[in-house]
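> Just so you know, the sequences run in chain order A and B.
In terms of the working numbering, the first sequence has 233 at position 233, counting the first letter as 1, and numbering is strictly consecutive.
In terms of the working numbering, the second sequence has 645 at position 200, counting the first letter as 1, and numbering is strictly consecutive.
No lab work stands behind these hints: they were computed from the structure.
Positions of the beta carbon are idealized from the N, C-alpha and C atoms, including for glycine.
Please note that the accuracy of each hint is not assured.
Stated by the list, open to error - The list that follows gives simulated cross-link-like pairs (lysine-lysine, DSSO-like), each with its CA atoms no further than 30 Å apart:
| no. | chain 1 | residue 1 | chain 2 | residue 2 |
| --- | --- | --- | --- | --- |
| 1 | B | Lys456 | B | Lys734 |
| 2 | B | Lys734 | B | Lys542 |
| 3 | A | Lys157 | B | Lys542 |
| 4 | A | Lys398 | A | Lys16 |
| 5 | B | Lys623 | A | Lys157 |
| 6 | A | Lys310 | A | Lys249 |
Claimed, not checked - Chain B side only, calculated, beta carbon under 7 Å to chain A, not exhaustive:
| no. | residue |
| --- | --- |
| 7 | Ala663 |
| 8 | Trp670 |
| 9 | Val674 |
| 10 | Arg683 |
| 11 | Leu685 |
| 12 | Asn732 |
Stated by the list, open to error - Facing chain B, according to a computed beta carbon distance under 7 Å, are these residues of chain A, among others:
| no. | residue |
| --- | --- |
| 13 | Leu52 |
| 14 | Ala56 |
| 15 | Glu96 |
| 16 | Leu109 |
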Amino acid sequence: MQLQANHLHFAYLPEKTVLDDISLLIDPGETLYILGRNGSGKTTLLSCLAGLLEPASGEVLLDGASLQSFDPAERARRVGLIPQMHTPAFGYTVNEMVMMGRAPYLGWLGSPNHEDQSIVDEALAQLGLFELRDRPYTEISGGEQQLVLIARGLAQKCQLLLMDEPTAHLDLSNQHRILEIVSQLADRGLSFAISSHSPNNALSYADRVLLLASGKVTAYGNPMETLTEPMLSAIYGIRTEVLTNGDGKPLAVISQRPMALEPTALRDPQSPLGQIFARSQQEPQLILVTGLSGVGKTTWCTQLISLARKAGLSVNGLLSPSIFKDGRKVGIEVVDLHSSDHRQLASLREDETASMQTPRWVFDSDAMAWANQTLSDSGKADLTVIDELGPLEFAQSKGLTAGLVKLDSGDYRVAAVVIRSALLPQALSRWPNAIIVNGSAKNLS
Amino acid sequence: MPSTEAPTRLKQTITGLALALLPVILFILALLLGRYPIGPLDVGRSLLSPIFPQLGADIPDVARRLVLRVRLPRALAALLIGASYGGTGAAFQAIFKNPLVDSNILGVTSGAGFGAALALLLLQSQWQVQIFAFAFGLLAVGLAFFGSRLYKSSPLLVLTLMGILVGSLFGSLTALLKYMADPLDTLPAITFWLLGSLSAVTWSNLPTLVIITLLGLAFLWLIRWRLNVLSLGDAEARALGINPTRAKLWIIIASTLMTAAAVSVSGVIGWIGLVIPHAGRLLVGPNHKRLMPASILLGAAFLLLIDNIARTLLPGEIPLGVLTGLVGVPVLAFLLRHGRTG
Numbered sequence: 001m002q003l004q005a006n007h008l009h010f011a012y013l014p015e016k017t018v019l020d021d022i023s024l025l026i027d028p029g030e031t032l033y034i035l036g037r038n039g040s041g042k043t044t045l046l047s048c049l050a051g052l053l054e055p056a057s058g059e060v061l062l063d064g065a066s067l068q069s070f071d072p073a074e075r076a077r078r079v080g081l082i083p084q085m086h087t088p089a090f091g092y093t094v095n096e097m098v099m100m101g102r103a104p105y106l107g108w109l110g111s112p113n114h115e116d117q118s119i120v121d122e123a124l125a126q127l128g129l130f131e132l133r134d135r136p137y138t139e140i141s142g143g144e145q146q147l148v149l150i151a152r153g154l155a156q157k158c159q160l161l162l163m164d165e166p167t168a169h170l171d172l173s174n175q176h177r178i179l180e181i182v183s184q185l186a187d188r189g190l191s192f193a194i195s196s197h198s199p200n201n202a203l204s205y206a207d208r209v210l211l212l213a214s215g216k217v218t219a220y221g222n223p224m225e226t227l228t229e230p231m232l233s234a235i236y237g238i239r240t241e242v243l244t245n246g247d248g249k250p251l252a253v254i255s256q257r258p259m260a261l262e263p264t265a266l267r268d269p270q271s272p273l274g275q276i277f278a279r280s281q282q283e284p285q286l287i288l289v290t291g292l293s294g295v296g297k298t299t300w301c302t303q304l305i306s307l308a309r310k311a312g313l314s315v316n317g318l319l320s321p322s323i324f325k326d327g328r329k330v331g332i333e334v335v336d337l338h339s340s341d342h343r344q345l346a347s348l349r350e351d352e353t354a355s356m357q358t359p360r361w362v363f364d365s366d367a368m369a370w371a372n373q374t375l376s377d378s379g380k381a382d383l384t385v386i387d388e389l390g391p392l393e394f395a396q397s398k399g400l401t402a403g404l405v406k407l408d409s410g411d412y413r414v415a416a417v418v419i420r421s422a423l424l425p426q427a428l429s430r431w432p433n434a435i436i437v438n439g440s441a442k443n444l445s
Numbered sequence: 446m447p448s449t450e451a452p453t454r455l456k457q458t459i460t461g462l463a464l465a466l467l468p469v470i471l472f473i474l475a476l477l478l479g480r481y482p483i484g485p486l487d488v489g490r491s492l493l494s495p496i497f498p499q500l501g502a503d504i505p506d507v508a509r510r511l512v513l514r515v516r517l518p519r520a521l522a523a524l525l526i527g528a529s530y531g532g533t534g535a536a537f538q539a540i541f542k543n544p545l546v547d548s549n550i551l552g553v554t555s556g557a558g559f560g561a562a563l564a565l566l567l568l569q570s571q572w573q574v575q576i577f578a579f580a581f582g583l584l585a586v587g588l589a590f591f592g593s594r595l596y597k598s599s600p601l602l603v604l605t606l607m608g609i610l611v612g613s614l615f616g617s618l619t620a621l622l623k624y625m626a627d628p629l630d631t632l633p634a635i636t637f638w639l640l641g642s643l644s645a646v647t648w649s650n651l652p653t654l655v656i657i658t659l660l661g662l663a664f665l666w667l668i669r670w671r672l673n674v675l676s677l678g679d680a681e682a683r684a685l686g687i688n689p690t691r692a693k694l695w696i697i698i699a700s701t702l703m704t705a706a707a708v709s710v711s712g713v714i715g716w717i718g719l720v721i722p723h724a725g726r727l728l729v730g731p732n733h734k735r736l737m738p739a740s741i742l743l744g745a746a747f748l749l750l751i752d753n754i755a756r757t758l759l760p761g762e763i764p765l766g767v768l769t770g771l772v773g774v775p776v777l778a779f780l781l782r783h784g785r786t787g
């Protein structure tokens, strides 16, 4: 059986689109993996494919016939869904759980008979569950529970099984066991659509991969084409690395930690930092200096700036050190690194009656305009520092917008941009090749 | 087939037989027991006397009338009402995916209690009390149901909340009626009704109860296997080809009619719908194919037992609501401690 989805749109609330123009195809015996971050719409997509949710527009076709034209029982005889693992309220036995797969074949008032029992027995035997059949489902292991739900799909005699994160919470051995069984069932012609958080499982087992980000298809195709470093970095918002064997065949995906670079390494041309500056002769290099608030991101930049100046490199951009009074941060200053001019950018809101919704900092709009003007007037220096780009810039296009323009246009050689960790996904989807550096003062010698 | 099959089958058969015999024994006991001693033979002959008048010839008229007009309708009511509470309790626990609810969760009992109090205050006749209790029980659930329709999200949760709200609303209204009632005459009548009793049951109360209960039990019996699927939650039920919204609506309608019919005859009797399905799960497991009949039979047996105690333990009648609580609480505590109820 072939399942085809054309231009699916779905929204739980009219103003909040969950699925946006999704098209896909699953051929008989094929396994489709759906990857995406939490909340990207994977579960909603599976529910639409199973016919549990009706798309706002677009259609799902089973062998060319619209899914909505089937009544619920007819649909359930073709498409099965294994939802995310949950514990049922009552401890049905394994046999009883698998028997529920016969529901679409029994009338409203029907109860299963011997024929149904022999179909269930066969499904249990096929997955090696026969010995467990009188055990309560609630008391067997997570891997066995997942197998029971697959057996239920077999008893349902559907041709396409949709699985929502089947390997979540499972150890490596159980993941392997489940996915090998899925693969063998696929060899016999059963199709699968599996949502997953594991690009590695997709690399090993998928025929096709669909990368989902905020309800949109980022990439769709075979695993080799879709599971690439820039694609994965963009959808997960972290730097990833695809490890390959000698022939360039991808083997595994790993996430990279932020680099621990010491600004002093600038003196050594062989060091990673030295190499970044060397590469900047060919193309712009963007360093995102990140870390929790107060770890010393600005200090890290200050060190880099003074070392760069000592090495005779030109520096421009903006630095925004804090203003302290009686050991308390009371304001933010902005310094033009080219001219060393500085202005007070923000002061602490002293109004005690201010509600929680109002920001803690009151920004001086003249100083902000001056800072933006300085940044857009600055030319291409060896090192450009922008401290910092925050939610104001990314979410509301306010604040240091000239910084975004400068980075987007590539008007720099090496740019060191201070950014808080929470904004990294947004920054990486904007500049997928950025280098992420841990701006912790701990790394400073 | 492995060898474990045969003993399991045998055990199931024995449990089933015991469950089926229990209400029968307690029913016979209900006819034999009472303040006025009547021998088993006389009871048997009294029962047959409407068909074979010559059998009742040498029995005192009081004994014959006691068996036929008092003990028999009362035992039948206990049997039906107990079965109704057991069955609807199991059905509600399944569709609410919660082993701690019964058919009162949507406010039917509170509504019926208010209706009965209103009738006792204003009208005072027995059949009017029954009609008012029945109608207000349905009204309460109707209010809860349509109130929950105002909200789109998580319908089951909102429905439960609405049931609790409507229940407490009618609880307050009943308290108001009690406050207004004559403390020497009407107030005791209302209070006694709210504690539940079968002492006033006569043949005239039975027709609606019999029809609604038997039809309702037949419906619950027929859909009993589907309750398994419904208890997995809406998404899974839908994925297995069932329309959970429609199925639940029918179950709620049937159970509410049954409960309202039961309450309108017996007054408020708690605990049976809550405790009996747990006892059933302990005996036959959670599969509703067996749990539904087990809950029906156990419910019938439990209320017959309670009513037998209520009639005979003390010279005066003990309200059923008092006894079900006294027996029900320890049973529930014991089951929660030791039971493998899922």
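> Flag every earlier hint the structure violates by its number, smallest first.
5, 6, 7, 14
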